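Trainee: All chains should be built: construct the whole structure from the sequences, respecting the hints.
Chains as they are written, first to last, in the working numbering: chain D, 32 to 245; chain W, 4 to 187.
To be clear, the hints were calculated from the coordinates, so they are not data collected in a lab. Bear in mind the structure is a predicted one, so any value in this text is a computation, not a measurement. Just to be clear, a hint being listed does not mean it is correct.
Restricting the straight-line Cα-Cα distance to at most 30 Å, the calculated cross-link-like pairs of lysine-lysine (DSS-like) are [what the hints assert, rightly or not]:
| no. | chain 1 | residue 1 | chain 2 | residue 2 |
| --- | --- | --- | --- | --- |
| 1 | W | Lys166 | W | Lys132 |
| 2 | D | Lys69 | W | Lys166 |
| 3 | D | Lys222 | D | Lys69 |
| 4 | D | Lys222 | W | Lys166 |
| 5 | W | Lys132 | D | Lys69 |
| 6 | W | Lys175 | W | Lys132 |
| 7 | W | Lys175 | D | Lys69 |
From the derived model, a few chain W residues whose C-beta atoms are all more than 12 Å from chain D [as the list claims (entries may be wrong)]:
| no. | residue |
| --- | --- |
| 8 | Gly9 |
| 9 | Gln95 |
| 10 | Asp135 |
Label-pair ranges, simulated between beta-carbon atoms [as the list claims (entries may be wrong)]:
| no. | chain 1 | residue 1 | chain 2 | residue 2 | range |
| --- | --- | --- | --- | --- | --- |
| 11 | W | Pro161 | D | Arg100 | 46 to 52 Å |
| 12 | D | Gln242 | W | Arg94 | 28 to 34 Å |
| 13 | W | Ala27 | D | Lys222 | 22 to 28 Å |
| 14 | W | Arg127 | D | Thr204 | 33 to 39 Å |
| 15 | W | Ala13 | D | Ala168 | 43 to 49 Å |
| 16 | D | Glu66 | W | Asp10 | 23 to 29 Å |
| 17 | W | Asp124 | D | Asn96 | 34 to 40 Å |
Note that CB positions come from ideal geometry on N, CA and C, so glycine has one too.
Residue strings, one per chain:
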Amino acid sequence: MTDAHFGERAALYALGALDATESAALEAHLRVCAECAKLVGEAERDVDTIASLETRRRAPEALTNRVERLLAPARQPQAPWRFAAVAAAFLIGILPSAYLWERNRVMQDAMLSQSAAMDRLATTAHRTASFRPAGGALAADVMYPSDGSWYVIVVRGASHALHVAWMHDGAQTMLGDVVPHGRVAMLYLPKSHRMEQLALMDGPRVVAQAQLPY
Amino acid sequence: MARASGDEEALAVAFAAHERWAFARAYREYASLLYSVAYNVLSNSEEAQDCVADAIARLWRSPSAYSSGRGSLRSFLVVCVRNEAISRRRRQSRRLRLEERLAAMPVEHQELEVADPIERDRVRRAFAKLPDDQRAAVALAFYEGKTHTEIASELNAPLGTIKSRISHGLRKIAASLGSEGGER
Ligand SMILES: [Zn+2]
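Mentor: Here it is as structure tokens:
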């Protein structure tokens, strides 16, 4: 179990004993790490076992109606134009041109597997900052809105998964891994707080850093 | 407690695939459980309803939050709602901290609010079986919604120690509730 994994923090997460930043980092990591997802799943089952023995109340009808409205199908048709919007986003350079030539297709596949990231990039204004590599053929960018509420990290030329860390106050907080699909690797952090500096790490070694202006 | 049947598994797979019907069905299936979990943290019906609705909305907007490799969908939802409730309570208490401090009495860990006296007893027995240090750490997390940092400072122990007390304590309580469930 390396530092990038969450080990005993699985129980803390399931009990609600992590603070908001730590929870967000763990949730991001769980999207890419089956090992930690399983640990957290076990701890969740333990918490469920205790929580289920507490007082039960009937869910109010108002709540049920509210959730049903929330989950009702949206009125506008979705798929075709949304796909077109994403394709257009690529073409007009929302993603840096370095990614476009040659690997557009691979990139799109990776993006499609991350439909939530795709929605965000296609529909929300955002900035792009580049990582400065410490050497090697790595090219990486981070896309984020001006309030820092989400991040998409895209890495090209990584041969294996890299950790993404938030660098702050002389400390590193692991946010998750970027896992290559073809030659592109990405990590989507759908819910975050504002971060000024990110690093890509290969094991304990920082291989690139980005400063994020707001 | 949360043993997966074939139906539950099918639901979990569809939920992981972000199927609309699976979200609706999961809510219907666990509505009262999820509402109760929120209520037990927040002690207020309006807040508990907001909390459950927000938690479901957040999951609906973020497709890959659950994967079936994680295990029980029901347990995942319980923890999602519970964590949402705890962070709401933290935000409230940050606002109210000063007043609370003035009003607060030294609190023993409250009596567990369990409807069925037999079950209440089971939970109490499960907690009682733990070594003192583990019991205190788990109770502060479960019943008072404290963070591990707060627990470490309250119990005057290093963070690493607190993490493993909580981790081991939680496992033991659940195991002893699980095994007792079969016998009684
Ligand atoms: Zn992991």
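Trainee: All hints, please: hold or fail.
Mentor: Hints versus structure:
Of the supplied pair hints, the one linking W:Lys166 and W:Lys132 holds, its CA atoms being roughly 19 Å apart against a limit of 30 Å. For the given pair, D:Lys69 sits about 18 Å from W:Lys166 by alpha-carbon distance, which is consistent with the 30 Å threshold. Among the hinted pairs, D:Lys222 with D:Lys69 is consistent with the structure: their alpha-carbon atoms are about 22 Å apart, no more than 30 Å. Restraint check for D:Lys222 and W:Lys166: the C-alpha separation of about 25 Å stays at or below 30 Å, so the hint holds.
With a C-alpha separation of about 27 Å, the suggested pairing of W:Lys132 with D:Lys69 holds against the 30 Å cut-off. Proximity of W:Lys175 to W:Lys132 is assessed by CA-CA distance (about 9 Å); at most 30 Å being required, the pair is judged to hold. About 18 Å separates the Cα atoms of W:Lys175 and D:Lys69, which keeps this hinted pair within 30 Å; it holds. W:Gly9, annotated as away from the interface, keeps every beta carbon of chain D farther than 12 Å; the closest lies near 18 Å.
No beta-carbon of chain D comes within 12 Å of the beta-carbon of W:Gln95; the shortest separation is about 14 Å. Residue-level check passed: W:Asp135 sits 18 Å from the nearest beta carbon of chain D, beyond 12 Å. Our hint of 46 to 52 Å for W:Pro161 and D:Arg100 holds, since their Cβ atoms are close to 48 Å apart. At about 30 Å, the CB distance of D:Gln242 to W:Arg94 agrees with the hint of 28 to 34 Å.
A C-beta distance of roughly 23 Å is found between W:Ala27 and D:Lys222, which places it inside the suggested range of 22 to 28 Å. For the hinted restraint 33 to 39 Å between W:Arg127 and D:Thr204, the CB-CB distance of approximately 38 Å keeps it satisfied. A hinted range of 43 to 49 Å holds for the C-beta pair W:Ala13 and D:Ala168, which are about 45 Å apart. Take D:Glu66 and W:Asp10: their Cβ atoms lie about 28 Å apart, and the range 23 to 29 Å holds.
At about 37 Å, the beta-carbon gap between W:Asp124 and D:Asn96 stays in the expected band of 34 to 40 Å.
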